[in-house]
Amino acid sequence: MYLPRHYDTDRPTPLILAFHAHREDADEMNEKTRFTNWRFNPTFAVHYLQARRKRWLAGEDHAEMESPDFNYTRTVLDYTMNHYCIDVDRVFLVGESEGSGFANILACDPRFSYHFAGMALSGVHAHGELDLDFCKDARLPMPVLEAHGTIDERASYWGDRKRRLLPVPAWIQRWVRRNGCDPVARRGYLNSERFQWDRYTCQGQLGYVEHIKLSEWEHLWPTQDVWGRGLSFSRPALWFLQRWVRPGNLTIPLKAGNNFDTFGHERAIKYILSGNDGTPSSNRIPGNNRTWGNHTTLGNHATWRNDTIFSNDTILAN
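With numbering that gives the first Met the number 0, letter number 247 in the sequence shown gets 246, and the count goes up by one each step, no holes.
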């Protein structure tokens, strides 16, 4: 668990849950992303999760209530929210490879998606069985950024029928449709024309869904070399995530003892729909701009909504 240098128990801190690639571990994910470098990431708390046997269960077959990875993620989220001052409206997913496939499942699952404000993925395992019907009860809209290499051999950009992996453009279009976006992207480039950057407008807001197509890039977390060539995906990932805040009208009932409960919102959804939940107001987090961990509600938190790119990632065209 990484806390930013200026972490304050009386101020809400946004949180990233990071999921590593297949056959790698949390330490390797940390080394790639550099999110624990306070100069690089002064804003987000980061929890690097560790898969059992270095493998996430990333297909629909594992998207079940009792999946070990689901239970583990729930335990991590419950613990983190109850022991740190975390802003419940700014919890995000980051993943690479199989870890991004698992993050995609979490974003599609109604029990988990309720808690996340957006996700940034690299080399996603785009499982085709996670169709529109499977994701129909997930919280929407869900901001999505994905970067993918065109010569990725593990999670082919062009899809893999034997492994039931969708072509990445088709997977992107599924999120475009789920989020109610304009199907035509605004196209630009990051650093060079090798890195095509498509942004989709959803509900009048540009960039709700974004995709970076990395020409001649393999199944690797995008980084720059010692000469500054290439693209450091960590920069646009942080820029993308810090723009989003989960809708503030979502209420979360608490366990006895006023503890945060990842799946407690299922009761809230039913009660809100019925218009009468019978739950004391003292057992709910207030509806807007909430923080958790020290059980203190603050005023309006800062949001970042300007379309400003980090200085090392110059836009060449729009």
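Treat the hints with caution; some may be incorrect.
As the list claims (entries may be wrong) - Straight-line distance between alpha carbons at most 30 Å, and here's what the computed DSS-like set of lysine-lysine pairs gives:
#1 Lys-135 <-> Lys-161
#2 Lys-31 <-> Lys-135
#3 Lys-31 <-> Lys-53
#4 Lys-135 <-> Lys-254
It should be emphasised that the hints constitute simulated quantities derived from the structure, not laboratory data.
Source: prediction; values computed, not measured.
Please work out if Lys-31 and Lys-53 have their alpha carbons no farther apart than 30 Å.
It holds: about 16 Å lies between the C-alpha atoms, which stays within 30 Å.
Pairwise hint evaluation, Lys-254 against Lys-135, where the allowed Cα distance is 30 Å at most:
holds (27 Å)
Hey, Lys-31 versus Lys-135, does the alpha-carbon distance stay inside 30 Å?
violated (33 Å)
Would you check the hint for Lys-135 and Lys-161, treating anything up to 30 Å between C-alpha atoms as holding?
holds (25 Å)
Taken one by one, the earlier hints fail for this structure only at number 2.
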